[in-house]
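One-letter residues, chain by chain:
Number of protein chains: 2
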Amino acid sequence: MTAISRAAQFAQRTAHLRASTIREMLKVTQQPDVISFGGGLPAPELFPTEAIAQATQRVMERLGSAALQYSVTEGIPEMRIWVAERLTRRCGGIFSAEAVQIVNGSQQGLDLVGKIFLDPGDHVVLEDPSYLGAIQAFDAYQTRYLTVETDEDGLVPESLEEVLERADPFPKFLYLVPNFQNPTGRTLSGRRRETVVRICEHFGLPIVEDDPYGELRFEGTDLPPLLSYRSTAPIIYSGTGSKIMAPGMRIAWLLVQDEAIREKIVLAKQGADLHSGTFAQYVFHEYVSDGDAFDAHVRRIAQTYAHRRGVMAEALAEFMPEGVRFTRPAGGMFLWVTVPNVDTAELLKISAASKVVFVPGVNFYSGRDVHDGMRLNFSNATEKNIRLGVERLAHAIRLYQR
Amino acid sequence: MTAISRAAQFAQRTAHLRASTIREMLKVTQQPDVISFGGGLPAPELFPTEAIAQATQRVMERLGSAALQYSVTEGIPEMRIWVAERLTRRCGGIFSAEAVQIVNGSQQGLDLVGKIFLDPGDHVVLEDPSYLGAIQAFDAYQTRYLTVETDEDGLVPESLEEVLERADPFPKFLYLVPNFQNPTGRTLSGRRRETVVRICEHFGLPIVEDDPYGELRFEGTDLPPLLSYRSTAPIIYSGTGSKIMAPGMRIAWLLVQDEAIREKIVLAKQGADLHSGTFAQYVFHEYVSDGDAFDAHVRRIAQTYAHRRGVMAEALAEFMPEGVRFTRPAGGMFLWVTVPNVDTAELLKISAASKVVFVPGVNFYSGRDVHDGMRLNFSNATEKNIRLGVERLAHAIRLYQR
Chain A
10 MTAISRAAQF AQRTAHLRAS TIREMLKVTQ QPDVISFGGG LPAPELFPTE
60 AIAQATQRVM ERLGSAALQY SVTEGIPEMR IWVAERLTRR CGGIFSAEAV
110 QIVNGSQQGL DLVGKIFLDP GDHVVLEDPS YLGAIQAFDA YQTRYLTVET
160 DEDGLVPESL EEVLERADPF PKFLYLVPNF QNPTGRTLSG RRRETVVRIC
210 EHFGLPIVED DPYGELRFEG TDLPPLLSYR STAPIIYSGT GSKIMAPGMR
260 IAWLLVQDEA IREKIVLAKQ GADLHSGTFA QYVFHEYVSD GDAFDAHVRR
310 IAQTYAHRRG VMAEALAEFM PEGVRFTRPA GGMFLWVTVP NVDTAELLKI
360 SAASKVVFVP GVNFYSGRDV HDGMRLNFSN ATEKNIRLGV ERLAHAIRLY
410 QR
Chain B
10 MTAISRAAQF AQRTAHLRAS TIREMLKVTQ QPDVISFGGG LPAPELFPTE
60 AIAQATQRVM ERLGSAALQY SVTEGIPEMR IWVAERLTRR CGGIFSAEAV
110 QIVNGSQQGL DLVGKIFLDP GDHVVLEDPS YLGAIQAFDA YQTRYLTVET
160 DEDGLVPESL EEVLERADPF PKFLYLVPNF QNPTGRTLSG RRRETVVRIC
210 EHFGLPIVED DPYGELRFEG TDLPPLLSYR STAPIIYSGT GSKIMAPGMR
260 IAWLLVQDEA IREKIVLAKQ GADLHSGTFA QYVFHEYVSD GDAFDAHVRR
310 IAQTYAHRRG VMAEALAEFM PEGVRFTRPA GGMFLWVTVP NVDTAELLKI
360 SAASKVVFVP GVNFYSGRDV HDGMRLNFSN ATEKNIRLGV ERLAHAIRLY
410 QR
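Each protein sequence line maps, in turn, to chains A and B. Count along the first sequence starting at 1, add 9, and that's the number in this note's numbering. Count along the second sequence starting at 1, add 9, and that's the number in this note's numbering.
Some clues are possibly wrong.
Said to hold, decoys possible - So the derived label-pair ranges between C-beta atoms look like this:
no., chain 1, residue 1, chain 2, residue 2, range
1, A, ASP352, B, ALA75, 42 to 50 Å
2, B, HIS404, A, GLY102, 51 to 59 Å
3, A, ARG15, B, GLU170, 25 to 33 Å
4, B, LYS393, A, LEU50, 47 to 55 Å
5, B, ILE103, A, GLY300, 49 to 57 Å
6, A, GLY300, B, GLN18, 58 to 66 Å
7, B, LEU50, A, ASP231, 36 to 44 Å
Stated by the list, open to error - What the simulated footprint calls covered on chain B by chain A, stretch by stretch (three residues with Cβ under 8 Å from a Cβ of chain A suffice, anywhere in the stretch; the number is not a length):
no., stretch
8, 137–146
9, 155–169
Stated by the list, open to error - Not everything, but these chain B residues come out facing chain A in the computed CB check (under 7 Å):
no., residue
10, PRO256
11, LYS273
12, LEU276
It should be emphasised that the hints constitute simulated quantities derived from the structure, not laboratory data. Ideal Cβ positions, reconstructed from N, Cα and C, are used throughout, including at glycine.
Isolated chain A (complex conformation) (with noise of 0.2 Å):
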């Protein structure tokens, strides 16, 4: 069809290529006895969905019709306010409510960037592998990735300088999650922190720092966001209520400090829907709004998540063939698995029929063509189906070997 645009045109064409094992595999949860290892789900029964009702009747009564009516593009000022402050208490820096963006969810925090950085054929620096809703969100702009090894300390610095230092055309931002990263779990380490930020100012060369899971980690101390380095590199720092409340509410935010930036940001997200939902904003904020109970809540979350990550940790030494490697990641809703000489898109098809299921890496390589990985998801089962699931890709593994 003509009619389309070439963005749409190229999106389907991306989304054709990068999505169909996805799709294979969420046809395959549907069924009821399938283990899921491969959505990126919260866990429901840690929604506060009383508190909620409860929240909704308390705007309702104290704000009435301000909180359903037409509302600023930036975000209700309690939400700006509060999540200035949060940010301010987790990372030493001084934020200010000016720099905050309320968005639908950090996809379209990411759609927005794409929006006002990128022209067809512009290059975007990616770590490989990398979060495929960020991919997806790029695609809709026509976009190449060059992309920077990583280990276990996350984004290597030396293969980021040699990748820019040989860029044309010159990318338009470095995109990447330094906390307990999707897909592979992996943290970027402390020492790397300010390097990296060095680079990029070096280099001129914004950073959009995406960081869901920060709020969720399970041993070790907090390490600074990137944001929180001087720089005269711009840093653009996404965050969201997503992981920390409820996904359903679609409220996360953007922090953007250079104003140019921020204000073409502003004059996208109008575009786009004018603005994020009052309704939503107002009792999302009166739910976070008691601190203590919320900070408790935030806490229980993570202890879930622990445990499962042990659980699914011990599970993958007990029952995965020899060869067979994985990260325990500090944090997060994620692990990765490397099973040497096995492509995992042909084992899901064998896992599948064993009613387990998980991402096959390669979905989230742009750089190169690896075919060994698979993201397990650690938040959205119980201990009881992990140990089993665990168990039953260990068997699929083995039949793929025979």
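Take the given structure of chain A and dock chain B to it, following the hints.
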């Protein structure tokens, strides 16, 4: 700043050109004793605040965490069914829930339509004058406009035909608001509706039918939407809950019967923000699903606005200098005033000093420079303020004419 995308540069330039008087107007609106006919806000005193708090309570009791989890890109099934059934009842046609895409306010629907159809330099056909929010949404795709004449019966079919005959490049779609148009309040006559559909069918031009006010009819009988005519050229219908329930919910919908187009809309929505808020969708649906109460609510809104429209029309007849003409819309939220030989952007400066504001008509024109129009909103002021505001406005015109 060279790192910014061409789309962002274009959007900033056009926004600056179009919106400077609107920004001026909004600044004045902040002052407490200013009467604003400038915005497009529904009457907040009609929002069902207590009913929404109760609906939230019921949703949480019945669905619990399912109302807070990630959900599918197309929208929750309940909402899609409700939209299809309501449109079926209103229009006589038969519409399928499959064809419905839930979006974050109709602005997002327009943005997604822009995203899947428009490349830089592409033409879109607009009524002249046309809705500013649509122009802003399409501007993000570096679009150009072809404009069609309008009269008391809406878009002039002969003018549309003429525009399409000499269009080069051929446009991607026609965008129009057939019922109680924003900004003029005019309605495309019943006789012209099928003619417009047949012209577009003849030329193979898709139609984007934006219908935010269709349910707010004050008098006369409903006219069938363009969507209800069978056509080989695709018709994309846009509806919203903003004017019949509350805009702060950000719940609106596209109805797209063409499967190939719908597939691209879904993909664009997925890249843009994954899905609309699960929480807001369930609460919205719970509220509207008591059909009799909701119908009564919509009637109450229409009756209130009809009364305000009447008060405004009377005041205009009473206070305005000779030669001033105005529309008397059969529904919606706006009427259009023509003040011959007056530049209404200049008039705004005088009227703002007299503490009444409006949107100068020039902002809605893409094809010609028309300076003597103004858009007045009658839904968001009390009857007393409507009379007082019109009196002030008439005074400002006399000052201008001196």
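Tested hints:
1. A/ASP352 to B/ALA75: 42 to 50 Å: 36 Å, violated
2. B/HIS404 to A/GLY102: 51 to 59 Å: Given about 53 Å between the Cβ atoms, the range holds.
3. A/ARG15 to B/GLU170: 25 to 33 Å: For B/GLU170 against A/ARG15, whose Cβ atoms are near 29 Å apart, the range 25 to 33 Å holds.
4. B/LYS393 to A/LEU50: 47 to 55 Å: 53 Å, holds
5. B/ILE103 to A/GLY300: 49 to 57 Å: 52 Å, holds
6. A/GLY300 to B/GLN18: 58 to 66 Å: Once the Cβ atoms are compared, 42 Å apart, the range 58 to 66 Å for B/GLN18 and A/GLY300 is violated.
7. B/LEU50 to A/ASP231: 36 to 44 Å: Roughly 43 Å apart at Cβ, these two residues keep to the hinted range, so it holds.
8. 137–146: holds (count 3)
9. 155–169: violated (count 0)
10. PRO256: This hint holds: B/PRO256 lies near chain A, its Cβ roughly 5 Å from the closest one there, short of 7 Å.
11. LYS273: 5 Å, holds
12. LEU276: 6 Å, holds
Violated hints for the displayed structure, listed by number in ascending order: 1, 6 and 9.
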